[in-house]
Structure formats: C-alpha cells, structure tokens
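Starting from the known structure of chain D, arrange chains A, Z and S with the ligands on it as the hints suggest.
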Amino acid sequence: MSVAFCGLRLAHPIVNGSGTFDAIAARRAFGDALVEHFPFAAFVSKTITLEPRQGNPPPRLYETPAGLINSIGLPNKGLRGYLDSDLPELARLPVPLITNVMGSTAEELCTLVEALDDRDEVDALELNVSCPNVRTGLDIGADPVELAAVLREVRPRTGKPLIVKLTPNTADVGAAAQAAQDAGADAVSLINTLRAYAPHPERAGVPWLGNATGGLSGPAIRAVALAQVREVAGRVAIPVVGMGGVQTGVHAARMLEVGATLVAVGTESFRDPAAGTRISRELDDLFAKSGDNIG
Amino acid sequence: MSVAFCGLRLAHPIVNGSGTFDAIAARRAFGDALVEHFPFAAFVSKTITLEPRQGNPPPRLYETPAGLINSIGLPNKGLRGYLDSDLPELARLPVPLITNVMGSTAEELCTLVEALDDRDEVDALELNVSCPNVRTGLDIGADPVELAAVLREVRPRTGKPLIVKLTPNTADVGAAAQAAQDAGADAVSLINTLRAYAPHPERAGVPWLGNATGGLSGPAIRAVALAQVREVAGRVAIPVVGMGGVQTGVHAARMLEVGATLVAVGTESFRDPAAGTRISRELDDLFAKSGDNIG
Amino acid sequence: MTDEPRTLAPFGRRTVAITERRELGAYVVLAVADTEGPLPRAGQFYMLAAAQRWGGGSDERPFLPRAFSVLRAREAGAGVRLEFMLEAVGPGTERLCELAQGDRLHITGPLGVGFDRPGDGRRALLCGGGVGTAPLAIWQDELLARGAPAPALLGFRDAAHAPGAELLHNARVATDDGSHGHHGLVTDLLAEELDADANAVVYACGPPPMLEAVRALCEARGVACRLALESGMACGFGACFGCVVPLREGGYLRLCVDGPVLDGARLAEVPAH
Amino acid sequence: MTDEPRTLAPFGRRTVAITERRELGAYVVLAVADTEGPLPRAGQFYMLAAAQRWGGGSDERPFLPRAFSVLRAREAGAGVRLEFMLEAVGPGTERLCELAQGDRLHITGPLGVGFDRPGDGRRALLCGGGVGTAPLAIWQDELLARGAPAPALLGFRDAAHAPGAELLHNARVATDDGSHGHHGLVTDLLAEELDADANAVVYACGPPPMLEAVRALCEARGVACRLALESGMACGFGACFGCVVPLREGGYLRLCVDGPVLDGARLAEVPAH
Ligand SMILES: Cc1cc2nc3c(=O)[nH]c(=O)nc-3n(C[C@H](O)[C@H](O)[C@H](O)COP(=O)(O)OP(=O)(O)OC[C@H]3O[C@@H](n4cnc5c(N)ncnc54)[C@H](O)[C@@H]3O)c2cc1C
Ligand SMILES: Cc1cc2nc3c(=O)[nH]c(=O)nc-3n(C[C@H](O)[C@H](O)[C@H](O)COP(=O)(O)OP(=O)(O)OC[C@H]3O[C@@H](n4cnc5c(N)ncnc54)[C@H](O)[C@@H]3O)c2cc1C
Ligand SMILES: Cc1cc2nc3c(=O)[nH]c(=O)nc-3n(C[C@H](O)[C@H](O)[C@H](O)COP(=O)(O)O)c2cc1C
Ligand SMILES: Cc1cc2nc3c(=O)[nH]c(=O)nc-3n(C[C@H](O)[C@H](O)[C@H](O)COP(=O)(O)O)c2cc1C
Ligand code: FES
Ligand code: FES
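Chains as they are written, first to last, in numbering that gives the first Met the number 0: chain D, 0 to 294; chain A, 0 to 294; chain Z, 0 to 272; chain S, 0 to 272.
Worth flagging that the hints you see were computed from the coordinates, not collected in a lab. Using N, Cα and C, we set each Cβ at its ideal position, and we do this for glycine too. Incorrect hints may have been included.
Covered stretches of chain A, going by a simulated chain Z footprint (3 or more residues, C-beta under 8 Å) [claimed, not checked]:
id, region
1, 22-29
2, 174-180
3, 268-275
Next comes chain D alone, as it looks inside the complex (with noise of 0.2 Å):
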C-alpha cells in the first residue's frame, strides 16, 4: 500500500514520531537485521538543534496509566555533529529520510534549515515548534500569529518539503495548522505528548522527573490525538502526518480515517522494536479483508 506525500513515495503510511527510534543505536543492538527489516517507510530523526544538548538530568522516564511521561530534553549532537557523523549513516537506510529541527528563534531555525536544504541525503523537514518562547514561556507554536511569523522566515530557505509538527497544548490546533498551512508548509504532524507531571513514587511534594515536567504519550492520549487529527485534517488542504498512542493496524486505520496521509508510531516501538512493521502488515490486511470498510 504504497502512499505519496510531499512528493515522496512511500511504501506504506507508517513512520516513527521524532525522537522515538534511534536507526543507529538500534542497528547496534540489532545488527543489519534491522536494516534489512527497517519498520518505517520513512526515517523521522530526533530532533536536531543547532548547538549540542546533554538533555535533561534523570530520571527522564515516568509510567502513566496506559503511557508514559518523558523529560528527554533533546539530547543531540547539535547540527555539525548531525551532519557530519548522523547523516551519512542515516542516509544507508532504505528509506527516505525526514530531519526534524528545533530552534528557539527564527534565525536559528533558518540557520538550520538552509544547512539541510544543502544535503542530498535529507528527503524533507520537520519543523518541532513545540519550543518555548523565551518571552511568554508558551510554545512558540501554541499562537498561530507567531508561527506564522516563524514560517514565513523559514519557508523560503528550503526547497525541500517541510512539515510543521504542531504543539497539542493549545486551545486551537487547527488554527495553529491553518497558520503553517497559510505560511507556506507542505504538512502538518501531530500530536506531539501532552504537558504531564509525575509525582515521585515514594516522596511527598517532590517531583519524580529530574526536570520536574514533562511530555505524556502513548495510548491514554490516543482519543485525544484521534480528535486533534480530525481537527486538523478538516481544516487545511495539505497532508498530515497523525500520531498518538497508535498500537496496532486498527489504530493506524482510525488516524488515517478521520484525515491523516500518514501515520506515525512512537510509545509503540519502546514495547515492541519491530511495531512499525507490524502496525503496516496489519493496516495491509485491513484494507485486503475489507476494501475499504477498515475493521
């Protein structure tokens, strides 16, 4: 079930969310196997910023019911190290790949994105705009007038297709989505986790997170995403890459039936390496049992 998108062709409509595989530190555990098996039809890296990150102090993992909080803080090698170390093994992977980028200002965005737009080995961008504003402190993409602003920066310095990963932490996703969509963007992905706090198990009124918040994904936030996706799909005319506690072929269908193009997988893959492969063979025998009346 091969789908295009943003010019691009995809074998099916299964990718990883940003930040929630890493191909070459799975290749190390798993050998060639997994390129040879590779799950996703494209390659989203984590995301990438132009100065290095350590990330967040641990603990960074915390177990919801149904999911999971996350204060991972963007560990990466900064742009140089990506490009210079990251991408040339990337680019071994048999599908196509998507650089995920972050950047607190416009200029750095800019900065980042024409430095992409110069490799051959980067299929497409995907703009996290979940960043905060230093100013107000929100997301620069919780406003569409700011996102706007940002976009009309950045889309010129780029040919390539770029895709706008929105903030779900905000009243108005789709008016977030029809900003990007009016400022030039090719797609739109969402959702991304959800502002959570995890208290400390054992300890009263301290926080368990080594940076006290952080980001709720996996099944629980599912109808959540489910109604953002439709949100937005009914609002712009550009594709959308829906995501959110997405587990089997049937949760892949739903995404893709209130409005998604593709579908990504994140949560998923920490309980089952291999899911993205799963998830694409079940959504095949979906449309094979019922043309199309998903299951």
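Chains A, Z and S with the ligands alone, transformed into the frame defined by chain D:
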C-alpha cells in the same frame, strides 16, 4: 481532617466532580444509606443551564485505555427545574452544596448566578466556562481576556463563593487562572475533560458518539491534571480544587502536594460509588502514618 | 412509585468470591457468595469487575465495570448466592469469563427496576435469547414459585449457544441456523403463541433486533410487553447520564435507574445500541 | 569496539513460553524456551512483558516492558533455555511473578553489553546482592567453564532473600540482619578479599548503594571494577534516551546500549536510580 475552603468548613478534602454524581438518582438506587454515608465533603451539582437541555443523542460513552470519553451534553432541568425540584432534595444532604452553572453569554450567567444567590440552600457557585463561544467556537474559558470580561459582569451578582472551573484545552491554563483571580473569583477548579474523539469500534470512518467528539476523563489524564493544577497553584493565591483521574488516597495526596486545597473525584465514582469515602479514608491513613511525609 | 420491583443496593461496591464457574456451550455461568447484599428482583442487574487485573486486555481495557442481569438468586449460607450468565464479546467479558472459583469480583447492586407481575388475569409469556436468557430465568423461577405458568421462547445463534436454553424450564427454542428447534426467529414462535392466546404480557430480553421485533409484534397486536434493554453503562446508578434510551414521547431516560425493564409502549423503537 | 561482549538480538520482540517457574525464597526464577534467539553474553539483559494482561495492576500499570539480566542460558532442544531471577517490587514484576509454566512472554534481547574477561593475569571477584545476583551467576558459569576461579560475595536483606545465594557456587554471604553468614555488608567481605589479594577485577551487580560502595572501595584501592547498573528503561535498545547515567567526564550515556555493564572508573558515583 477538616478543611477550610472559601469560608466553608468541610469534613475532609474530597468532593465530587460536577456531573459525575447524581445524589438524587443515587438515593433511588441505594436508599437512605447514601445520605447517611455520603461520600463527599461537599456536593457539586451537575452543570445547570438557564433552559432545560435533553443532552446529546446516544451513544454517550466510550471506554479508552484507563479512561472514559463522555459526550453527555449537559442534560438538566434548567434553572427553574433545578430550583423547584432538585434543590429542595439536595438540601437534605448532610454537606454543603455547590451549584455548577454554565451560560453561553454573560447575561445568561448573570441570571443564573442571581437566582442561585437568592437561595440559602446553595453554599457556593461553580462556573463551568468550558462553554463554546458562539462566535469563535472556542471555549470561553480558553481566552483569559474573554474569561475576565465575563467574570467581571458575573462576580458582583453574588456574595457567595465563586469557583471558576477552568478549561484544560488551552495553551496557558495559568493565565486563565490568573485572569479569574484578578476578576474576583474565590477559587478555581480543574481539570475538566480533554477534548477527545471516539472512533466506532466496528465501522470505518464513523464516529461512535452521537455527538462525534467528547471529553476524556479518568486515570489516563491524571498526569496532565497534575501538571495543570501545579501550574495554576503556582500562579494564583486563591484556593484550587484539583481533579482528573484521582482513584486513591495517594492520588489525592499528590493533588494536595502540587497545591490543591480540595480534590474532586469524578470517573472513579463510576467504578466505586463510595470512592469518595474510601479516598478520604485512605488520605487520613496516609496523614496518620507519615505526618507531612505523605506516602 | 413505591411498589416498583426495585430492591435497594447496599451503598458502594463490595468484593465477593466466585463459588462456582461452569460452561454452558458458549456461555459461562458464574456464581458468587454475596454476604452483604439482599435478594434481588428479577430483571435487576449488577455492575461487575474482576478485583484483580481489570485492565490490560485488548486495547488496554477494560476499565469500567460491566452490567450483568442476575440469572438466579437464592439465600445460601450467611448471604445470597447470585448467578450470572456471561458471553465473552470484548475485553470486559473476556476477563470475567477467564476467572475461576475462588477469584474475587467487585460488585455493586442490585440495581435498576425489574419485571412487574402480569396482573389482570393475563398470562406471562417469556421471550428472549442469547444472554437475554438470564433475566428470564430468575423471572420464570419466581412465576413458577407463585404457581403461575411461565412458558418461555428462546432464540439462539447456533448449536454452540443453544445450551443456554437449559437455564429455563421447558423452553421452546429457535436457532438461526436450524441446529436446534425451530429454524428461524424466536418471534415466529411468539407470533404462534399470541395467535393461540393473546391475553398475555410478554417479558422479553435479547439482542436489540430481537427486542425490536418483539416490541413491534406486540404493538401491532395490542399486547403488553416489558422489555429488558441494554445500553452502554459507565456507572449503573444514575451518576453518569450515559445509558440513555430515547422515549416515544421525546427525551431520554437513564436505563440504569429507570430501567433496564421498560414498558414497550414507552419506546418508538428499541435502539440499536 | 568490535570485540565487546555484545551478542546481537534478533530484530523485534518475539513470544516465548515459560517452561519452568520456581521460587527461591523471596525470588522467582522463570525459565523460557527461546527458539529464535542466540546465546547471550553474561551481563546482557532482555526486555520482558507478559503476553497476556500486561496492565491492569496497581495504578493501571504495567505498560512498558521491564529489563531483566539473564540469570543463566544454555542450548536446549531447538533453541536456548533462558533463566531470569525476579523479585516482585511493583506492578511489572508482580505480574511476571504470578505467571505459570505454559504462560507466554514477549521478549526482546539479548541487549546491551556484558562483562569482559579480567585479563592481565588478574583474578575475577564477583560481588553483588539481591536480584543483582542474576548476571553474576551466568558470569560465574562462564568463568568456571574456562577453568578460571570465580569467588563470589553476595549480600541479602534477610533470611527470606538469602536463598538467592544458591544460584552461585560457593558464595560467601552477608545479610543485613545477620540471619545468614556475615552480619553486615557484602563490601566488608570484599574489603577482606582485596586485603588478601588485590590483583583482581571486581564484577558487581546489586542495589545502587551497594554498587556505590563497591565502586568507592575499588577506586580507593586502585582495583578495576565492572559494574552492572540499573536504570529506568522504556525501550532497552537506545530508542528513548531515557536510561541515561551521568559520567565522570560529563555528559550522559544510555545504559541500555552502552551498558548495563560499565567500567567503574567512568562514574563519579553510582546514581541512586
Ligand atoms: C442491564 C444490562 C444487563 C446485561 N446483562 C448481561 C448478561 O446477563 N450477560 C451478558 O453476557 N451481558 C449482559 N449485558 C451486556 C454486557 O454488559 C456487555 O456485553 C459488556 O459490557 C461488554 O463488555 P466487553 O468489554 O466485553 O465488550 P465491549 O468492548 O465493551 O463491547 C461491547 C459492545 O460495546 C460497544 N463498544 C465497543 N468498544 C467500545 C468502547 N471502547 N467503549 C464503549 N463501547 C464500546 C460495541 O457496541 C460492542 O459491541 C448486560 C448489559 C446491560 C446494560
Ligand atoms: C539492565 C537491568 C537489569 C535488571 N535485571 C533485573 C533482574 O535480573 N531481576 C530483577 O528482579 N530486576 C532486574 N532489574 C530491575 C527491574 O527491571 C525492575 O525491578 C522492574 O522494572 C520494576 O518494575 P515494576 O513495575 O515491578 O516496579 P516499578 O513500579 O516500576 O518500581 C520500580 C522502581 O521504579 C521507580 N518507579 C516507581 N513508579 C514508577 C513509575 N510510574 N514510572 C517510572 N518509575 C517508577 C521507583 O524507583 C521504583 O522503586 C533490572 C533492571 C535493569 C535496567
Ligand atoms: C521518549 C520520547 C522522545 C520524544 N522526542 C521527540 C523529539 O525529539 N522531537 C519531537 O518532535 N517529538 C518527540 N517526541 C514526541 C513523539 O514524536 C510523538 O509526537 C508522541 O510521542 C506521540 O506519539 P506516541 O503516542 O505514538 O508516542 C518524543 C516522544 C517520546 C515518548
Ligand atoms: C460523565 C461525565 C459528566 C461530566 N459532566 C460535567 C458537568 O456537567 N459539568 C462540569 O463542569 N464537568 C463535568 N464533567 C467533568 C468532571 O467534573 C471532571 O472535571 C473530569 O471528569 C475530570 O475528573 P475525573 O478524571 O476524576 O473524572 C463530567 C465528567 C464526566 C466523566
Ligand atoms: S450508567 Fe451511568 S447513568 Fe446510567
Ligand atoms: S531504555 Fe530507551 S534508550 Fe535506553
């Protein structure tokens, strides 16, 4: 463990979430035992509107991983029916009464608040501001400016404690709480349900709920609730009623630790009708066991 | 209504032990020892949940308790022995069906309002199928104990389900696939019975299409009927307003407190879910 | 590093059957028949989850798989027999501990990097306690099979846990409550051993305070040590960046791909969780 709240003295910090416990219906099922062992330290009515409402077409419920989506649609007898037939019955409960109201305009809210201000049976009012603005489609409570404007009209209409129940579907719940405090609210309560979509379990592309979308509650949203309650309690000086996925005394303790004065229990009462009693007892045990160092 | 068939439930949920589990074709019958609850009325129901591992099934469910009509009840030992009839159709019933003797259940009930007596010299005619057999069994027990006749007509899908008929005395059976009894619908049998003697009150419980057929047949013939309906429930005691059924007169009624047994005349149609 | 002690895992999670379950004091030992996986290296681990009802425990958990060091492994029948040593400390381990022979597990592994050989004519000294006994058992098996001595020092809380020592050959035991062996800390025994002969590599696994004591002792005496650490893991294969441990040189390392066995010299301190 008695608690002071807006000039009321409650026997313990556990109340019900609006719309999740119908004391009149429960009395039909459980008889006088309900009144003798009333599980909450105050009773919060379901949302009352000016005119009677039948609520949404069924199905109204959808079970999710560790959660529940409801699209009940605020069925109620309207202000007159509430005052005439419900209030006298509710006044027989052994606890203070908080009446929750909603209106789509400031005028409607003023009418509701004035009528309830007249009634001695009512100890406090809760304003549900998750009502969509007819013009923008967004919740009134999602925009701090709009929220403050409405509250400034409503506040003078009653001398009773006024609690504002914030909407969680917003970028900055702290700003909304701040606006409520500035406009004269005596307390804020949160979180209400998260906007969610329930796909039909058997039919592709069809919504399950009669009203297509609904609100997510239960353990699935507890971590989101804790983050928002913590954010709000750090922002305002007025007391906070915390709720969202509380199932046990430990969960209630966590809510208190992040800054709540009262804890409301909603969905857990569906699983255990006397959950309020159990949770307040568990909370007592925790305090007894560890002083301030809650388990 | 002070004399409606409603026995009040002890307030709150209690935990009981499973004293027996047996299989009846595709069905599972669980018996529990309810040491704190009263004898229920026929047609009332309980909210059940496994005390352990209620969750972690397909799609990370179940989470809420599930409604089950009482199949049979009698005083036993220090309390009441309750029986339930289950069919595994999803994560909640699957979990309950895998429980064994000694496992514990959370129960709340009896809830709702049950069957009222025919009165006016009319005879009772029991009609149902599938897990809808459950409330008819306890109702037949009560009618027979009062010396009233209580003929029963039951419909099942196939031979795997037909053993459910053993739960009633002398039931006439219809199966969709003809493997047992009449090959066809149970309403065929009901029509025959009403042809023979229409001075009856029909008590029915079963899947929505069957109940709708019963309702329509009774309406057409001016025969009174009491339908034990189902709907998705979160709480079972009027708290959530989720279980509503639309009424002929307009508006909705909460099935858990105003039902599950309704006078068929109150419905324009039995809702599909 | 091409000759690091890391056996690659088959890609993806597979489902295996539990072939044996036995209790050893407070511990449960599960054996599974892994028909698709290779023999692991000592110190490697697997991510485990019950194939059924992984969820629905306390606080509606577990949800993610849990990491367990391999206790023992050998070729058996068509595949490999793997053993794990478990202690029930929360919803995940509780669920795993209640499984019985025939139940199925999802497993991914072997993962991470295990113990390397002492080299340089140094002797191996095994030191650990609690469930940290597990990786030392398979490591001792390997050392003994190579004809190398592998003395072991183990610490346990109390008499209920001391039976864990049976998993190793000739272990010297310390208990916190003095019920078995030395009354005190296992590091008391370690200090004695190093007093006698410090030309050793210490291989340690146990609770963080014990590991920190081992690390500090070895540092003070200039003795090499290899620590098998634990940290909260979501994935086990480098995907989530959640399992990081701070390094002496600054920065973090993912324990699941760069550990769980680390050269003690790389740490300024063993983190508390
Ligand atoms: C008063 C009453 C009495 C009953 N008596 C009996 C009885 O005696 N014996 C018996 O076996 N059953 C009885 N039932 C039905 C029983 O309650 C249901 O079969 C049970 O709740 C199904 O739960 P489940 O998890 O197994 O299946 P579910 O997954 O809940 O599926 C059951 C149905 O619910 C809907 N559904 C599917 N997914 C969802 C979802 N995520 N959220 C909400 N709805 C969904 C679909 O229509 C599906 O067919 C009774 C119901 C009522 C209301
Ligand atoms: C490489 C490795 C090897 C291991 N080998 C073994 C072994 O051989 N045998 C063995 O028994 N164990 C072993 N463990 C430990 C084992 O993985 C844990 O005991 C297990 O994950 C606990 O899960 P649980 O659900 O039972 O308990 P949890 O509830 O997860 O509690 C365990 C600890 O996690 C923290 N915690 C509590 N609540 C949460 C939450 N909601 N989210 C995140 N953290 C929380 C607390 O610190 C708590 O003490 C190993 C761990 C690692 C990393
Ligand atoms: C551990 C973890 C790390 C993540 N890192 C990133 C990231 O670097 N950039 C990003 O845009 N999203 C990140 N996300 C969000 C996911 O891409 C995805 O939007 C979210 O997890 C919802 O999908 P899921 O429920 O399938 O996990 C991360 C999520 C998790 C759980
Ligand atoms: C079935 C149902 C009906 C509700 N009705 C109302 C309502 O009428 N007014 C209101 O302010 N909140 C209503 N709520 C929201 C709850 O009061 C509460 O804010 C929310 O459910 C989160 O708490 P919980 O996770 O403990 O249920 C309702 C929630 C549910 C589940
Ligand atoms: S099931 Fe909740 S009101 Fe009927
Ligand atoms: S556990 Fe996920 S990166 Fe180590």
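Hints, verified against the model:
no. : hint    : result
1   : 22-29   : holds (count 6)
2   : 174-180 : violated (count 0)
3   : 268-275 : holds (count 6)
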